[in-house]
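Could you fit the two chains together into a complex? Lean on the hints.
Taken in sequence, the protein lines are chains X and E. Take the first sequence: its position 56, counted from the start at 1, is 55 in numbering that gives the first Met the number 0, and no numbers get skipped. Take the second sequence: its position 70, counted from the start at 1, is 69 in numbering that gives the first Met the number 0, and no numbers get skipped.
Among the hints, a few may not be true.
[To be verified] Think about it this way: if two alpha-carbon atoms lie no more than 27 Å apart in a straight line, the pair counts; the simulated DSS-like pairs of lysine-lysine are:
1) X/K104 x E/K166
2) X/K106 x E/K90
3) E/K92 x X/K106
4) E/K90 x X/K104
5) E/K116 x X/K104
6) X/K106 x E/K166
None of these hints come from the bench; they were simulated from the model.
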Amino acid sequence: MNTDSIFSSLDISHYIYLSSVLFCIGLFGVLTRRNAIVLLMCIELMLNAVNLLFVAFSSYMGDSAGQLFVFFIMVVAAAEAAVGLAIIVMIYRNVRSTDVGLFDKLKG
Amino acid sequence: MLSALIFGLPIGFLVFSFITILCALYVVTNDNPVFSVLALILTFFSISAHYVMLNAQFLAVVNLIVYAGAIMVLFLFVLMLLNLSKENEPKVKYGWHFAAVFAAGMLLIILAASLHKSSEQIMRNPAQDIGMVKSLGKVLFTDYLVPFELSGILFLAAMVGAVLLGKRDKNNETEAGDSSNNPS
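Isolated chain E (complex conformation) (with noise of 0.2 Å):
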């Protein structure tokens, strides 16, 4: 049944799920968080080449730029910064992993199998230039106005808040080193 998936699929849709699939196995199985961080990145570049091969011109760009350019970096800065490495991961008991495969792999089964149908439903009318920018754009501005001010204001609340949340308190400095001497 699986042969009969898989064959007479365009090439580049094979070799670019395989590339993605794997990758996203390495950045959850991985215990080096900064080899996570280079997995996921090639995730994001391998789901930019399906977004060009669905005709999303714009959305592969932005997806590049914002989140293997902007947020992969913000990680990768973060690991560095926090100096976590292979010794001190956190180790997780077997068990845990099977229960784990178990609920994810249920998931998977309950989701193809409701999902699989709907391929009929759907109308097809394939498009040619509404990923472009230009179409985007005037959807964009003139129905999705309001919404792209209000994720105006999200982003400055978010980046007051990440100020806030990452500045040191001068006033409880040594309190905070006192406490970090002594976990519990």
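Only chain X is shown next, with the shape it has when bound in the complex (with noise of 0.2 Å):
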């Protein structure tokens, strides 16, 4: 494919569009569901569609710092999911499930 001719026919202001509707898509998901897995899936996509549009900007001005700073976040996104899930596994030991409905237990 020639990635050249996207640059010249795609306004940027498309990908500024398209991670918008993924962003609210996840918004969506954090507040309607209850399971907190789902809750942790949820949050992923907006964070991928924060990285879209990094990526998005980085390529159409050609400056490589917005890449890197999507590398960046990946790493985060890494180590958030596997301490999130843990934490997941151990309160699931304790009350037999994951509906965040249930989990008020530092509720004074």
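Have a look at this one:
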């Protein structure tokens, strides 16, 4: 595929719209779902929307700093997923559920 | 207005955007978490296709390896381990759905309205090779060396934390078993 054609035939605003839609879908998932694992997945979706926007801006401007930032976001997302899933497994052992509505033990 | 937005776009962008949004909607609306994970993997594949179209080949491969390969397999393992299925998926009231649609739609309108002029303001300077391993590595190991080393420390801390959290406590084993039998 001739990748040069994308930059001339496609305005960056389309990537802005696409990642806005993806981010809002992830937000909708965070607001509606009660399963803690699905909540983590929706957060990954929102992170990927931001990553896509970073790569789009970086490629259109010819600046590689944006792509490196995406690299670091991926690093943090991987660490977050590992620790978050470990916490969910630990809570599941005590509560026998992953419903976030039941995780109110810290409430005073 | 929507047709004016869609017509005349490159076919690859249209197809992969369609797949991305459809799979993302499937992730958030489906009741079975295992199908959500599989749809999320498809979403990541199509986002990688977008990266290839945007000349970010290195990030496309890293996205596949890290997200679709490592993180999603971790999610799938945890789902299988906890034995979650459609039956014990927590139910949500329908009014909550309307509120969530309203909130997300308002955010979408605000984002689109505030960002749709920004394309005129960025400089257009697409370079051919910034997405390759050679040029990215050069910048990563000169300008961004300290964050790179710090991310190594972050990974070590995350690994130790995950192992500690996931380990069963031998002393509280019986106590935890008791409390799991009568949750309150």
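These are the hints, each one checked on the structure:
no.	hint	in the structure
1	X/K104 x E/K166	holds, 21 Å
2	X/K106 x E/K90	holds, 22 Å
3	E/K92 x X/K106	holds, 22 Å
4	E/K90 x X/K104	holds, 20 Å
5	E/K116 x X/K104	violated, 46 Å
6	X/K106 x E/K166	holds, 25 Å
In terms of the numbered hints stated before, the structure departs from hint 5 and from no other.
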